[in-house]
Amino acid sequence: MVRSRRSALLALAAGAALVLAACSSSKSGGTGGASPGGSRNYSGKTLTLWHYEAADSAMGIAWNQAIKEFEQKYPGAKVKFEEKSFEQIQKDANMILNSDSAPDIMEYNKGNATAGLLSKLGLLTDITAEVHNYGWDKKLTTGLQTTARYTGGIMGSGNWYGVPNYGEYVMVYYNKDMFARYGLSVPTTFDQFESVLAAFKQKGITPIANGGAEYPAQQIFYELVLSKANRDWVNNYELYNGKVDFHGPELTYGATKFADWVSKGYISKNSANVKAQDMGNAFQQGKNPIMISGSWWYGAFKTEIKNFQWGTFLFPGNALDPGSSGNLWVVPTKSKNKDMAYDFINITMQPDIQDLLGNSGGVPVASDNSKITDPKNKELIDNFDKLTQQDGLAFYPDWPAPTMYDALVSAVQELITQKKSPTQFLDEIAKPYNDYLAQIGK
Amino acid sequence: MKGRSPVARRRGGHRRRGRSAYLLFLLPGLVLSLGVIVAPLLANIWLSFTSWQGVGSPRWIGAQNYTRLFKDENFWASFRHTALIIVAMAIVPTIIGLLIAAMLFDYVAKRFGNRTASAFRSSLFVPQVIPVAVSGIVWGWLLMPDGAFNATLRNIGLGSLAKNWLGDPDWALPSVMGVMFWIQLGYPIVIFMAGLQRINPELYEAAEVDGATWWQRFSRITVYQVRPEIYVVLVTTTIAAIKTFAQVFVLTGNGGPGNATLVPSFFAWRSFFQNADVGYGSAISAIMLVLILVVGSAFVWLQTRAGREEF
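Listed in order, the protein sequences are those of chains U and G. At position 112 of the first sequence (counting the first as 1) the number is 112 in my numbering, and the numbers step up by one without a gap. At position 47 of the second sequence (counting the first as 1) the number is 47 in my numbering, and the numbers step up by one without a gap.
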């Protein structure tokens with residue numbers, strides 16, 4: 001249900017016995033001049049589609065509708081949807097995409113270790129021409145484009161290998177009832193935010209729900225780093241545009257502030273071994289009034305939190321927040337119906353499907369916000385739009401290197417248990433970062 | 001050839017035919033073990049000399065993974081932890097298990113009947129039957145900062161001892177070891193109680209007549225007689241300790257806090273799957289394989305030596 005969206009680095013599971021990863025040298029099949037939106041005749045043809053979103057999730061609902069519309073728009077065409085698990089696609093992607101059983105279109109993880117790598121291996125179609133023809137690039141802001149474009153397998157710029165359909169970002173969830181009980185209002189600056197934290201602490205309440213055993217803690221740390229960072233710094237850190245000084249002002253501030261929050265008791269010293277789900281439960285049970293985490297909690301909170309009012313706001317004072325596009329529609333090189341795939345993607349990018357995605361609790365990338373009826377969903381999408389318009393998607397701290405996720409989890413744990421100083425902490429996370437950059441020759 | 005009797009020839013022929021017939025029956029097992037054990041094993045060893053992300057083609061890098069391993073602090077830490085886990089999973093349960101088995105067999109069974117002894121034995125064996133995923137999660141709850149364990153301590157006035165058992169880097173490994181001991185204890189008890197039934201009661205009677213104390217009977221007769229069982233228990237639990245994965249995965253999630261509960265198989269898994277550093281993960285597995293082979297053959301050697309002495 002709640003899946004950690006640190007997808008760029010998520011395990012590249014590979015079966016031990018699968019030694020022979022065949023090398024593909026297929027050329028990306030150009031489809032020639034596509035005329036977008038035209039009503040081609042797909043009668044008698046079948047589009048094989050794979051994705052791994054649950055049927056009752058926002059994406060599942062919206063895409064199911066897109067399938068229906070596609071079949072209506074192109075009489076005689078059929079969409080064969082095959083439900084796959086996240087792990088299945090993750091594990092076997094390279095083998096499947098290299099074979100004749102490759103689907104015509106599928107959902108795939110964004111990031112260097114996944115879509116980037118497959119694009120480098122020639123398993124994904126370069127869809128740059130279609131993106132321009134259909135005008136998808138005009139619908140997607142720069143931050144959302146970053147994860148769809150790869151050069152030599154590294155994201156950020158270059159050709160398009162996928163199209164994101166939804167977004168995600170980290171925000172502050174807060175318990176309105178508890179704020180009201182202590183007469184606290186929503187903070188708009190970082191200082192105000194810290195005084196809210198102090199006020200709760202004074203009442204004996206640990207303000208921030210934290211999960212040190214998984215991704216949440218490092219995202220709080222990254223928020224603090226971002227409060228002192230700008231876009232150039234993010235691009236240096238995430239896209240290797242320039243050298244990152246791990247003892248520079250941004251990271252030093254993030255680490256010091258995080259340690260400070262731990263010693264002040266804003267973050268519990270006991271949260272080192274708390275898992276993400278348990279952090280969510282603590283917020284849901286009203287144990288902590290604040291939780292700093294991603295939009296992937298939104299749907300669950302909306303249905304599950306009954307006994308108090310809650311809301312969200314963007315991390316006060318930050319122009320940048322962790323977040324990115326969602327996973328991508330990709331067209332395998334071996335797809336037999338590429339034109340159908342493009343027309344299908346196009347339908348999912350249309351306002352009605354995007355609005356449906358938003359109304360179902362997802363974060364659409366190209367919706368008409370006046371069509372979003374539910375006030376809670378509107379809050380979620382408005383904040384996202386605000387963030388993307390100020391070019392505020394700063395991705396995730398573990399993206400730059402495959403080993404960063406583990407390094408961050410264990411290093412932040414040592415900040416939480418106060419085993420290591422901020423300086424030692426920064427040295428610890430600098431190592432995998434610099435090692436990886438040396439390995440890829442950056 | 002000339003002097004060979006027809007009978008011998010017939011028997012020889014029969015044996016040959018018999019052997020090839022047996023081979024046919026061995027074939028499915030052979031194919032399976034080739035496919036499921038031998039091939040992945042060789043693949044693992046080969047991969048340990050490559051750099052591979054799990055996708056694309058592996059690149060041969062010689063022994064680089066191994067030189068990197070020997071310089072990796074986490075690698076040494078994980079093997080230090082293994083040594084402690086062997087204590088918790090093999091040595092302590094074997095000693096305590098033997099004592100409990102002897103007590104149940106000698107005392108409880110005689111005083112309260114075999115049923116009571118079996119009831120004790122079964123209940124101590126229950127942790128072995130419960131899936132680790134279940135017992136691990138329950139233990140995780142019990143050991144939480146505001147969990148039942150600390151609440152009990154507070155209620156009996158030992159609140160100062162309460163701590164974040166799995167989240168404190170100094171206490172995480174001892175806590176995991178405690179859970180492992182709890183899981184493991186039933187196994188030696190069951191094996192030893194079976195072993196004790198084998199011992200000729202006359203030995204005990206004779207010793208009793210000679211005025212031997214319980215402790216003397218235990219140390220001179222019981223321990224000596226169940227030696228084969230002790231070897232079996234030690235070798236299987238030691239190997240299980242070296243392979244420990246699930247307990248750590250369920251209890252501390254990431255081998256944390258920090259790397260306080262990192263163990264080799266978890267480290268291998270993490271490198272292999274999570275960090276997409278397949279070669280490195282394979283190298284760790286290869287070293288574990290060597291270690292297990294060494295431990296296994298050492299025990300077998302000890303056992304055969306001990307067996308030889310007896311005759």
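Check each hint, because a few of them may be wrong.
As the list claims (entries may be wrong) - Straight-line distance between alpha carbons at most 25 angstroms, and here's what the computed SDA-like set of lysine to any residue pairs gives:
1. U/Lys-203 - G/Thr-50
2. U/Lys-120 - G/Gly-147
3. U/Lys-442 - G/Leu-69
4. G/Lys-243 - G/Phe-125
5. U/Lys-442 - G/Arg-59
6. U/Lys-120 - U/Thr-423
7. U/Lys-269 - G/Ala-148
8. U/Lys-120 - U/Gln-439
9. U/Lys-302 - U/Gly-242
10. U/Lys-442 - G/Gln-274
11. U/Lys-302 - U/Ile-205
Unchecked claim - Derived DEER-like restraints, expressed as beta-carbon distance ranges:
12. G/Val-129 - U/Lys-264: 38 to 48 angstroms
13. U/Phe-308 - G/Leu-142: 21 to 31 angstroms
14. U/Gln-424 - G/Leu-142: 45 to 55 angstroms
15. G/Leu-34 - U/Asp-137: 44 to 54 angstroms
16. U/Asp-56 - G/Asn-155: 35 to 45 angstroms
17. G/Arg-59 - U/Lys-243: 25 to 35 angstroms
18. U/Glu-87 - G/Arg-227: 38 to 48 angstroms
19. G/Trp-60 - U/Ser-421: 33 to 43 angstroms
20. G/Tyr-107 - U/Ser-421: 53 to 63 angstroms
21. U/Gly-441 - G/Trp-60: 15 to 25 angstroms
22. G/Val-129 - U/Lys-386: 53 to 63 angstroms
Quick caveat, the hints were computed from the structure, so don't treat them as lab data. Cβ coordinates follow ideal geometry from the N, Cα and C atoms, glycine included.
Hint check results:
1. U/Lys-203 - G/Thr-50: Violated: U/Lys-203 and G/Thr-50 sit about 56 angstroms apart, past 25 angstroms.
2. U/Lys-120 - G/Gly-147: Not satisfied, since the Cα-Cα distance of roughly 49 angstroms exceeds 25 angstroms.
3. U/Lys-442 - G/Leu-69: Holds - the C-alpha atoms of G/Leu-69 and U/Lys-442 are around 24 angstroms apart, at most 25 angstroms.
4. G/Lys-243 - G/Phe-125: 21 angstroms, holds
5. U/Lys-442 - G/Arg-59: Roughly 19 angstroms separates the two Cα atoms, so the pair holds.
6. U/Lys-120 - U/Thr-423: This hinted pair is violated, its Cα atoms lying about 37 angstroms apart.
7. U/Lys-269 - G/Ala-148: With a Cα-Cα distance of about 19 angstroms, the restraint between U/Lys-269 and G/Ala-148 holds, given a limit of 25 angstroms.
8. U/Lys-120 - U/Gln-439: Distance of about 16 angstroms is within 25 angstroms: holds.
9. U/Lys-302 - U/Gly-242: Cα-Cα ~41 angstroms, so violated.
10. U/Lys-442 - G/Gln-274: Given that 25 angstroms is the threshold and the Cα spacing comes to 22 angstroms, the pair holds.
11. U/Lys-302 - U/Ile-205: This hinted pair holds, its Cα atoms lying about 24 angstroms apart.
12. G/Val-129 - U/Lys-264: 38 to 48 angstroms: 46 angstroms, holds
13. U/Phe-308 - G/Leu-142: 21 to 31 angstroms: This hint holds: roughly 28 angstroms between Cβ atoms.
14. U/Gln-424 - G/Leu-142: 45 to 55 angstroms: For U/Gln-424 and G/Leu-142 the Cβ distance comes to about 32 angstroms; the hint is violated.
15. G/Leu-34 - U/Asp-137: 44 to 54 angstroms: Roughly 52 angstroms apart at Cβ, these two residues keep to the hinted range, so it holds.
16. U/Asp-56 - G/Asn-155: 35 to 45 angstroms: 44 angstroms, holds
17. G/Arg-59 - U/Lys-243: 25 to 35 angstroms: Because 27 angstroms falls inside the window, the suggested range holds.
18. U/Glu-87 - G/Arg-227: 38 to 48 angstroms: 46 angstroms, holds
19. G/Trp-60 - U/Ser-421: 33 to 43 angstroms: Roughly 41 angstroms apart at Cβ, these two residues keep to the hinted range, so it holds.
20. G/Tyr-107 - U/Ser-421: 53 to 63 angstroms: 56 angstroms Cβ-Cβ, so the 53 to 63 angstroms window holds.
21. U/Gly-441 - G/Trp-60: 15 to 25 angstroms: About 19 angstroms separates the Cβ atoms of U/Gly-441 and G/Trp-60, which means 15 to 25 angstroms holds.
22. G/Val-129 - U/Lys-386: 53 to 63 angstroms: 55 angstroms, holds
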